[in-house]
Each structure stands twice: as C-alpha cells, then as structure tokens.
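> Listed here are the chains, written in short residue letters.
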Amino acid sequence: DAMVIQNPRYQVTQFGKPVTLSCSQTLNHNVMYWYQQKSSQAPKLLFHYYDKDFNNEADTPDNFQSRRPNTSFCFLDIRSPGLGDAAMYLCATSSPGSIEDQPQHFGDGTRLSIL
Amino acid sequence: SQELEQSPQSLIVQEGKNLTINCTSSKTLYGLYWYKQKYGEGLIFLMMLQKGGEEKSHEKITAKLDEKKQQSSLHITASQPSHAGIYLCGADVGTYKYIFGTGTRLKVLA
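Residue numbers (the working numbering), protein chains in the order written: chain E, 1 to 115; chain W, 1 to 110.
Bound-form chain E, shown alone (with noise of 0.2 Å):
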C-alpha cells in the first residue's frame, strides 16, 4: 500500500545535540509537510516542500531545516533541541489538483524527546 513511513517512530536526544527525523513517502505527491504536535495541543505547521521550493512559516524557529533530496524523502533537523522541543513530529504529503478523497496524508509520526 501507498504510504508515509516515519522514522524513528521515538526518537531521544540530549539537549542541544543535533538530531534529524525521516519521512518517506511511496504516493508520489509533489507536496511534503512537517507538523509539531506538542502535548494535548493542535498539530502546527512547520514548513512544507511543494517539490524543491521550501516554504518555511513565518513563527518556525530557526532551529528548525528541512531538507528534500528527491521526491520521497524529506528530513526535519533540529540544530539544536531545548527541552521546549519535545513534541510528536508528523509528516504529512499532499497532490495538488489530483482528486483524492483527502487533503493530506499523515504518517504515524516520531515522537521526540530531549533528556
């Protein structure tokens, strides 16, 4: 099946050591996105990829890059992680102009976490 695979799914770090995150995707959508889903709160875009142009939101800190090398793979590095990051990361994709029966396509997510 057609998917977004996360990974890790957890994913621990020490405070201010880098650490990255993966998303993969096997449905060929041009869109990718990035979500930070702190505790009992709504999911919050981070930035999205439409192909190679990155679109970064205008509160994302800049602690926060991404990077696409090619259309299945997207990574969300964290330069830097404070205790403020840990959070659920989702990964979600998205086909501009397709007629699919839903927006966006999520995947399991990668829970963080800074000792």
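Please note that a few of the clues may not be correct.
Straight-line C-alpha distance at most 35 Å; calculated DSBU-like pairs for lysine-lysine [claimed, not checked]: (1) W/K97 <-> W/K64; (2) E/K38 <-> W/K51; (3) E/K44 <-> W/K38; (4) E/K44 <-> W/K69; (5) W/K27 <-> W/K17; (6) E/K44 <-> W/K60; (7) W/K60 <-> E/K52; (8) W/K51 <-> E/K17; (9) W/K27 <-> E/K52; (10) E/K44 <-> W/K107; (11) W/K97 <-> W/K38; (12) E/K17 <-> W/K36; (13) E/K38 <-> E/K17; (14) W/K60 <-> E/K38; (15) W/K36 <-> W/K64; (16) W/K107 <-> E/K52; (17) W/K97 <-> E/K38; (18) W/K17 <-> E/K52; (19) W/K69 <-> W/K36; (20) E/K17 <-> W/K68; (21) W/K51 <-> W/K27; (22) E/K44 <-> W/K17; (23) W/K36 <-> E/K38.
Restraint-style ranges between C-beta atoms, simulated for each label pair [claimed, not checked]: (24) E/G16 <-> W/G94: 45 to 51 Å; (25) E/R79 <-> W/G16: 46 to 52 Å; (26) W/I44 <-> E/S22: 36 to 42 Å; (27) E/A58 <-> W/T20: 46 to 52 Å; (28) E/P61 <-> W/K97: 29 to 35 Å; (29) W/E3 <-> E/G97: 23 to 29 Å; (30) W/T95 <-> E/D77: 22 to 28 Å; (31) W/K60 <-> E/A86: 14 to 20 Å; (32) W/D66 <-> E/L83: 39 to 45 Å; (33) E/G84 <-> W/E55: 29 to 35 Å; (34) E/D77 <-> W/Q80: 38 to 44 Å.
I should point out that these hints are in silico values taken from the structure, not numbers from a laboratory. Note that the Cβ used here is the ideal one computed from N, Cα and C, for glycine as well.
Based on the hints, put chain W in the right spot on chain E.
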C-alpha cells in the same frame, strides 16, 4: 489569523451512547476536515466537507457543515470502545496551509 475551537475538550461516554463534537471557526471555512488520532500516532482521515449544509456519513459517524460554513459537528451513534481517541477538525487557510483544532479526547467505557 483563523482559529478552530473544538468542544468539548474531552468526553467520557458509556458504550452504546451517542455523542457530538463541535468545531467552530473564527472565519468562513472553505474546506473542513475531520481526523481521528490514536494516542501517540498519526492522523487518520475521516471526512471532508466543503459545501454549506453538507452532511456525510461513514459507518456510525456523521459530520455536518452548517450553512454559514463556520461550524461543523461530528456525531457518533451507538459509540464503541473502538471509537476512542482524539478527534481533530482541520481547515484550509491558504495555499498548502492547514490549521487544526486542539482536539476532543473521547473515551468510551465498555
């Protein structure tokens, strides 16, 4: 900026009972989506509503969008333990921009 407010924040019901979750937008909705999230997992798409007055059903879940397109409700009939989770409403707010409500945590007691 547009915001989505959900009510109630949490809900505990006995198995077999009906329940309703509401989602209110601060601005007119152009696409309203309902998702279910199991604890610690990703979002599972339930339904999409786009037209004022639209109503959709899937199994025991019915979602409606009001005529003014500022409020949506999700109704579950004869709830089961499998319905437990967090229900989130989401909306289009621009090109490749989506916002979500803070969710309603549902617990169904067997």
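> Run every hint past the structure and note whether it holds.
Taking the hints in turn, this is what the structure says about them:
For a cut-off of 35 Å, the pair hint linking W/K97 to W/K64 stands: about 22 Å separates their Cα positions. Annotation: proposed proximity of E/K38 to W/K51 holds, straight-line Cα distance about 31 Å (limit 35 Å). Proposed proximity of E/K44 and W/K38 is supported: the alpha carbons are some 18 Å apart, at most 35 Å. The straight-line distance between the Cα atoms of E/K44 and W/K69 is roughly 23 Å, inside the 35 Å bound, and the hint therefore holds.
Between W/K27 and W/K17, the direct Cα distance comes to roughly 32 Å. Compliance with the 35 Å bound is thereby established for this hinted pair. Of the supplied pair hints, the one linking E/K44 and W/K60 holds, its CA atoms being roughly 29 Å apart against a limit of 35 Å. Restraint check for W/K60 and E/K52: the C-alpha separation of about 41 Å exceeds 35 Å, so the hint is violated. In summary, the hint linking W/K51 to E/K17 is not supported, as the alpha carbons are separated by about 47 Å, beyond the 35 Å threshold.
For the hint pairing W/K27 with E/K52, the CA-to-CA distance comes to about 31 Å; that is within 35 Å, so the pair holds. Distance check on the hinted pair: E/K44 and W/K107 sit about 24 Å apart at the alpha-carbon level, within 35 Å; holds. For the suggested pair W/K97 and W/K38, the alpha carbons sit about 23 Å apart, so the restraint of at most 35 Å is met. At roughly 33 Å between alpha-carbon atoms, E/K17 and W/K36 fall within 35 Å of each other, so this suggested pair holds.
Note on E/K38 and E/K17: the hinted pairing holds, with a Cα-Cα distance of about 20 Å set against a maximum of 35 Å. Distance restraint check for W/K60 and E/K38: the Cα-Cα separation of roughly 30 Å lies within the 35 Å cut-off, and the hinted pair is therefore satisfied. For the hint linking W/K36 to W/K64, the alpha-carbon distance of about 16 Å falls within 35 Å, and the restraint holds. With a C-alpha separation of about 42 Å, the suggested pair W/K107 and E/K52 falls outside the 35 Å cut-off, and the hint is violated.
Restraint check: the Cα-Cα separation between W/K97 and E/K38 comes to about 19 Å, which is no more than 35 Å; the hinted pair holds. Of the pairs offered as hints, the one joining W/K17 and E/K52 is violated, with about 48 Å between alpha carbons and a cut-off of 35 Å exceeded. For the proposed pair W/K69 and W/K36, the alpha carbon gap of about 21 Å is at most 35 Å, so the pair holds. With a C-alpha separation of about 49 Å, the suggested pairing of E/K17 with W/K68 is violated against the 35 Å cut-off.
With a CA separation close to 15 Å, the supplied pair W/K51 and W/K27 stays within the 35 Å bound. Straight-line distance between C-alpha atoms of E/K44 and W/K17 comes to about 32 Å, which keeps the hinted pair within the 35 Å bound. Taking the CA atoms of W/K36 and E/K38, the gap is near 16 Å; set against the 35 Å cutoff, the hint holds. Look at E/G16 against W/G94: about 34 Å separates their beta carbons, and that is not inside 45 to 51 Å.
In this structure, E/R79 and W/G16 meet the distance hint of 46 to 52 Å, their C-beta atoms being roughly 51 Å apart. For W/I44 and E/S22, the hinted distance range of 36 to 42 Å is not satisfied, since their beta carbons lie about 21 Å from each other. Against the hinted window of 46 to 52 Å, the Cβ-Cβ separation of E/A58 and W/T20 comes to about 35 Å, which falls outside the hint. At roughly 18 Å, the beta-carbon separation of E/P61 and W/K97 lies outside the given 29 to 35 Å, and the hint is violated.
In this structure the supplied range 23 to 29 Å holds for W/E3 paired with E/G97, their Cβ-Cβ distance being about 28 Å. Taking the beta carbon of each, W/T95 and E/D77 are about 25 Å apart, inside 22 to 28 Å as hinted. Here the CB-CB span from W/K60 to E/A86 is close to 36 Å, at odds with the stated 14 to 20 Å. The supplied range of 39 to 45 Å is met by W/D66 and E/L83, whose beta-carbon atoms lie about 41 Å from each other.
Between E/G84 and W/E55, the C-beta spacing of about 41 Å breaks the proposed range 29 to 35 Å. Hint check: E/D77 to W/Q80, Cβ distance near 41 Å, so the stated range 38 to 44 Å holds.
In summary, the numbered hints that this structure violates are 7, 8, 16, 18, 20, 24, 26, 27, 28, 31 and 33.
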